[in-house]
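Enquirer: This is what each chain is made of:
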Amino acid sequence: MAEPAIKLGGKRKSIFIDKVKEILPEGGNLNLCLTCGACSSGCPATGLEGMDPRKFLRMAALGMDEEIMSTPWVWMCTLCQRCIYVCPMKIDIPQLVHNVRASWPREKRPKGIIGSCDMALRNDSCSAMGATPEDFTFVVEDVLEEYKEAQPEFADMEAPVDKQGAEFFLNQNSREPVTEPDEMVPLWKILHLAGANWTYGSKGWGGENYCMFLADDDAWKHIIKTSVNHAEDLGCKIYLNTE
Amino acid sequence: MAEDLRYIVKSIVGEENFIDMTPNRSNNYCCGGGGGFLQSGFNEQRLEFGRLKDEQIKATGADYCIAGCHNCHDQIHKLSEHYGGNYPVVHLWTMICLSLGILGPNEREYLGDDLKEVNVFHPETAI
Ligand code: SF4
Ligand code: SF4
Numbered sequence: 003m004a005e006p007a008i009k010l011g012g013k014r015k016s017i018f019i020d021k022v023k024e025i026l027p028e029g030g031n032l033n034l035c036l037t038c039g040a041c042s043s044g045c046p047a048t049g050l051e052g053m054d055p056r057k058f059l060r061m062a063a064l065g066m067d068e069e070i071m072s073t074p075w076v077w078m079c080t081l082c083q084r085c086i087y088v089c090p091m092k093i094d095i096p097q098l099v100h101n102v103r104a105s106w107p108r109e110k111r112p113k114g115i116i117g118s119c120d121m122a123l124r125n126d127s128c129s130a131m132g133a134t135p136e137d138f139t140f141v142v143e144d145v146l147e148e149y150k151e152a153q154p155e156f157a158d159m160e161a162p163v164d165k166q167g168a169e170f171f172l173n174q175n176s177r178e179p180v181t182e183p184d185e186m187v188p189l190w191k192i193l194h195l196a197g198a199n200w201t202y203g204s205k206g207w208g209g210e211n212y213c214m215f216l217a218d219d220d221a222w223k224h225i226i227k228t229s230v231n232h233a234e235d236l237g238c239k240i241y242l243n244t245e
Numbered sequence: 006m007a008e009d010l011r012y013i014v015k016s017i018v019g020e021e022n023f024i025d026m027t028p029n030r031s032n033n034y035c036c037g038g039g040g041g042f043l044q045s046g047f048n049e050q051r052l053e054f055g056r057l058k059d060e061q062i063k064a065t066g067a068d069y070c071i072a073g074c075h076n077c078h079d080q081i082h083k084l085s086e087h088y089g090g091n092y093p094v095v096h097l098w099t100m101i102c103l104s105l106g107i108l109g110p111n112e113r114e115y116l117g118d119d120l121k122e123v124n125v126f127h128p129e130t131a132i
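Protein chains in written order, with the working numbering: chain A, 3 to 245; chain B, 6 to 132.
Don't read these hints as lab results, they were simulated from the structure. Values in this document were obtained by computation on a predicted structure and should not be read as measured data. The reader is advised that the hints may include incorrect statements.
What the hints assert, rightly or not - Some chain A residues flagged as far from chain B (calculated, every beta-carbon gap over 10 Å):
no.: 1; residue: Glu24
no.: 2; residue: Val163
no.: 3; residue: Asn175
no.: 4; residue: Asp184
no.: 5; residue: Leu216
no.: 6; residue: Ile226
What the hints assert, rightly or not - As a list, the in silico PhoX-like pairs of lysine-lysine whose alpha-carbon atoms are at most 25 Å apart:
no.: 7; chain 1: B; residue 1: Lys121; chain 2: B; residue 2: Lys15
no.: 8; chain 1: B; residue 1: Lys83; chain 2: A; residue 2: Lys113
no.: 9; chain 1: A; residue 1: Lys23; chain 2: A; residue 2: Lys57
no.: 10; chain 1: B; residue 1: Lys63; chain 2: B; residue 2: Lys15
no.: 11; chain 1: A; residue 1: Lys150; chain 2: B; residue 2: Lys63
no.: 12; chain 1: A; residue 1: Lys110; chain 2: A; residue 2: Lys21
Heads up, the beta-carbon is just placed ideally off N, CA and C, and yes, glycines get one too.
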């Protein structure tokens, strides 16, 4: 059954999509849509909340700001970018979605994402689970000692935190150190056998970045800076993002 | 990157045991674990988003699904339970260490029953 036609307002006002175009390189190509539907046909979020990426973009282009700013669909697009990949005009719909997220009052955004971002802002770990640098360092050292003893073939294995001059800076999803520390070990073993000179950092080790998903751009930047600055202070050459 | 990962996975499980899903590489579908979806509270919608991914995985007929990152691992694990496929979802590091014979008894949380007891490194240290 066909959906009822969307009714448009009267004269054209200053619309949200124009503001987004101003801040994106090439305007995100946001006004080049051919309405072909390639984006929607391969988007797993198509149909959720009665929305799909083409519809979202068309509504934005038509100035239906209220509708696009209020639909919870913006929290159901995963920003995966498949739509850009298949779009003949390379239109950056996920950037539009991100900017709509950012236009929501912070306290109205999904509580779980706010909570994970706020946790990451609590201390220098930038961990969405709030673990402190001291807790992280303790867990890593403790688990390492245990395994060196239990598996003597790995008696020389290292899992350093803040090793000056290491080549690789490795971040770490918080889930392992906080809830399943044994799961950190296989990766350590692989790095050990490969002879990699690597380190974790006591600052910015948390690999997940919910402030980015929250579209809290200042907090997102703070987290990236904390981690990258620390990697640079340690003299690391390569940042390995395990997320 | 996509080819490097295929090289590694094939080296671990054997060329003949690797089954690509369709579509794959940059044409593949997101599983629904990204973008903050896992923490957004929209759980019903997240499972609906992931239905495509679950169907893709089942269509391969593979016994295991290897996930490349934590968000994906978490989400696909839930899809496997929710849609009844019950295929194990594992991290790449688990499979690498298993193939090298250095995967200890406490590092096997996500292996299925068929591999839980296979080639255990220092089995006496199980807790
Ligand atoms: S794929 Fe691109 S051009 Fe086609 S409808 Fe979607 S945004 Fe428009
Ligand atoms: S970025 Fe969003 S709109 Fe685009 S394909 Fe992914 S989920 Fe769909």
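Enquirer: List, from low to high, the hint numbers that the structure doesn't satisfy.
Expert: 3, 4, 5, 11
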